[in-house]
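Colleague: So the chains spell out like this:
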Amino acid sequence: MARLADLAEWEREHLLHLRDQAPRFPTQPWVEGPPLARRRVALISTAGLHGRDDPPFTGNAGATEYRVIPSDVAAADLVMSHVSVNFDRTGFRRDADLVFPLSRLKELAAEGFVGSVADFHYSFMGAPFPPTRFEASARRLAGLLARDRVDAAVLVPV
Amino acid sequence: MSAVGHYLEEEGIATTGISLVREHSEAMRPPRALWVPFMLGRPLGAPNAPAFQRDVLRAALELLERPRGPVLEDYPHEAPVPETDVVIADGEACPVNFGRAPQRAGAHPLAGRLAEEIAQLRPWRELGARRRGGSTFGVSGRTPEDAGAFVVAFLGETPPENDRPGQSLGQALKLAVDDLRAFYEEAAAAQPGEFGSEALMRWFYLETVAGEALLDLQRKARASDDESVRTVAERSLVPRAILNRPRA
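Chains A and B are the protein sequences, given in the same order.
Mind the numbering: the first sequence is residues 1 to 158 in the working numbering, read in order.
Mind the numbering: the second sequence is residues 159 to 406 in the working numbering, read in order.
Okay, chain B solo, but in the shape it has when bound:
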């Protein structure tokens, strides 16, 4: 981000910006940056907090009126935390009771359980999408069921065919995973209570069948013959916070 600001300014466009990692802005010295003490992924502080977001944006814009630079200032307020933030206890959120899902011959053992989990979450996710007036689901061009089946197919003996011309197999996998996670997190967010981001991440990766599939895949796909799949498995399937979690 600092580099983009540097080049735009060289081309005559005045820039200001938000900095999430102060040390990076100190090193790269963009023309104007407002450091904010918010978590990565939340540059304006908190969702559904318009007055707070407006104040952050106003503070970043005000740097344009400084007489000289580079300018790196600190935003003085912490992000508001919802009072209702709750932690998802093991097995508490999205109760999904798995019957014995019928297995197709040759299908991976996780395939049936994943399809059933998706079916049980679907009403919550549809409720969430109605409330929000839309959804962040949809980067892969697949339905949730297809995204799940595509991901699980990588756990089989032979990887699935790449059905997305113009994308590498690894990219097609990554986008299916993005959509799967969007589907699950939107479903969980629609349920009662306000779940914190870490609670949702831990729930998705450590409590769901989808997460179980991704942790399996993260290990297995690192040995894939396909370089794009190996790269995605190493970098983009499971967050470092999950891979580096303290183990009992």
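Here chain A stands alone, though its shape is the one from the complex:
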């Protein structure tokens, strides 16, 4: 479905326009780590997720901050305040793991595929453009991940 060739022309053109406007990074950083079975993993979503009682994402220029999602969150407490209406939400309404696979990550940790699950996970609202606007909050987030002893972050878009 997200193959450009399968999309309507107006949607394909929109996505190609974003591609053409997106920044190119001069370097490709690469961090190594221990085997997967010893890694501590956090999820980072850009779906505009947060707890029901958290402040919603604002959708304006200040919308590059993140929300914290503790590992013991109940899936039924997660809501979405993403500014875009141009992606499917019906799947998320049925199953939060479709967008935020915390239960799946816990299962992979239980079977030893990864070492452990971080205490905290995070969500951005991925609409601000260009995405270089996330730089400051992403760099701040790295410090929090390190304090949680995270050595693998899984980025999940929407």
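Derived from the structure by calculation, the hints contain no laboratory data.
Just so it is clear, CB atoms sit at the ideal spot from N, CA and C, and this is done for glycine as well.
A few of these clues could be false.
Quick list of the computed label-pair ranges, beta carbon to beta carbon [to be verified]:
| id | chain 1 | residue 1 | chain 2 | residue 2 | range |
| --- | --- | --- | --- | --- | --- |
| 1 | A | A74 | B | E223 | 30 to 38 Å |
| 2 | A | D72 | B | E303 | 26 to 34 Å |
| 3 | A | D148 | B | A265 | 51 to 59 Å |
| 4 | A | Q21 | B | R388 | 18 to 26 Å |
| 5 | B | A265 | A | D20 | 41 to 49 Å |
Quick partial rundown of chain B residues pointing at chain A, CB under 8 Å, derived from the structure [what the hints assert, rightly or not]:
| id | residue |
| --- | --- |
| 6 | A172 |
| 7 | L178 |
| 8 | M186 |
| 9 | R212 |
| 10 | L215 |
| 11 | R216 |
| 12 | A217 |
| 13 | R290 |
| 14 | G291 |
| 15 | T301 |
| 16 | E344 |
| 17 | L358 |
| 18 | P397 |
| 19 | R398 |
For chain A, the structure is supplied; the task is to place chain B on it using the hints.
Modeller: Below, chain B without anything else, positioned relative to chain A:
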């Protein structure tokens, strides 16, 4: 998403991720990305498919063991499609028979019909929430009835007061619309059959009173005096797939 990965990696955190638009990942070259052939909004493929979701997540994590990068690999499987997926025919889903709802003096003509539609959908939505063990409704802090009334008030001569300090009027509108759509889609999803996402979207926007109100509002609010309302009307009230739909 690619940019967040780039900055985290620069700060010493190894990242991997899912890519929904391969062309974007090719351009931005995040350290590790698994492209998946799933629709936007469904990065793990399909709801209530834990084994499939686990396989996608496992494939993304395995990229962390590649010796060098950037890595952009393709996930080889399509998302499973429920065999019971049905298309909602016009007027078939959520049959709502509108009586002559009493109109309050001065209320917009859609206000009474919308309130009645919400009342008739409520049992389905409550059934859905019980089955799921919760609801995705609740970003606006309003009841469904209040969310509907707030949205319809924008169709009147003067826009409603902003009753949400700290939010722009446009944001308050957007969150009320998000909740209204969550309420309707949860109600429809609780009904017999498994409705596809496009069928639900078309039903909400083209078959319901709420959708009629939003299409009206999308046109009207683009001329609002309030910039935040104009921005929401232009970008965030009605999906591009509905605005660009082929017309008979």
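Colleague: Indicate, hint by hint, whether the structure satisfies it.
Modeller: Each hint, compared with the structure:
1. Restraint check, A74(A) to E223(B): a C-beta distance of roughly 32 Å satisfies the suggested window 30 to 38 Å.
2. As the Cβ distance of D72(A) to E303(B) is approximately 33 Å, the hint placing it in 26 to 34 Å holds.
3. A hinted range of 51 to 59 Å for the beta carbons of D148(A) and A265(B) is consistent with their spacing of about 52 Å.
4. In this structure the supplied range 18 to 26 Å holds for Q21(A) paired with R388(B), their Cβ-Cβ distance being about 22 Å.
5. For A265(B) paired with D20(A), a C-beta distance near 47 Å keeps the hint of 41 to 49 Å intact.
6. Against a cut-off of 8 Å between C-beta atoms, the interface hint on A172(B) holds, since the closest Cβ of chain A lies about 4 Å away.
7. The beta carbon of L178(B) comes within 5 Å of a beta carbon in chain A, closer than 8 Å, and the hint placing it at the interface holds.
8. Contact between M186(B) and chain A, as hinted, is supported at the beta carbon level, the nearest pair being about 5 Å apart and thus within 8 Å.
9. With a least beta-carbon distance of about 5 Å to chain A, the hint placing R212(B) at the interface is held under the 8 Å criterion.
10. Checking L215(B) against chain A by beta carbon gives a least distance of about 5 Å; that is within 8 Å, so the hint holds.
11. Here the hint on R216(B) is kept, as its CB sits about 6 Å from the closest CB of chain A, short of 8 Å.
12. Because the closest C-beta pair between A217(B) and chain A is about 11 Å apart, greater than 8 Å, the hint is violated.
13. The interface hint given for R290(B) is met, as the beta carbon of that residue sits about 7 Å from the closest beta carbon of chain A, less than 8 Å.
14. The beta carbon of G291(B) comes within 5 Å of a beta carbon in chain A, closer than 8 Å, and the hint placing it at the interface holds.
15. With a least beta-carbon distance of about 14 Å to chain A, the hint placing T301(B) at the interface is violated under the 8 Å criterion.
16. Contact between E344(B) and chain A, as hinted, is supported at the beta carbon level, the nearest pair being about 6 Å apart and thus within 8 Å.
17. Satisfaction of the interface hint for L358(B) is found here, the shortest Cβ-Cβ separation to chain A being roughly 5 Å, below the 8 Å cut-off.
18. With 8 Å as the threshold, the beta carbon of P397(B) comes within range of chain A, its nearest partner Cβ sitting at about 5 Å, so the hint holds.
19. Proximity of R398(B) to chain A holds as hinted, the smallest CB-CB distance being about 5 Å (cut-off 8 Å).
In summary, the numbered hints that this structure violates are 12, 15.
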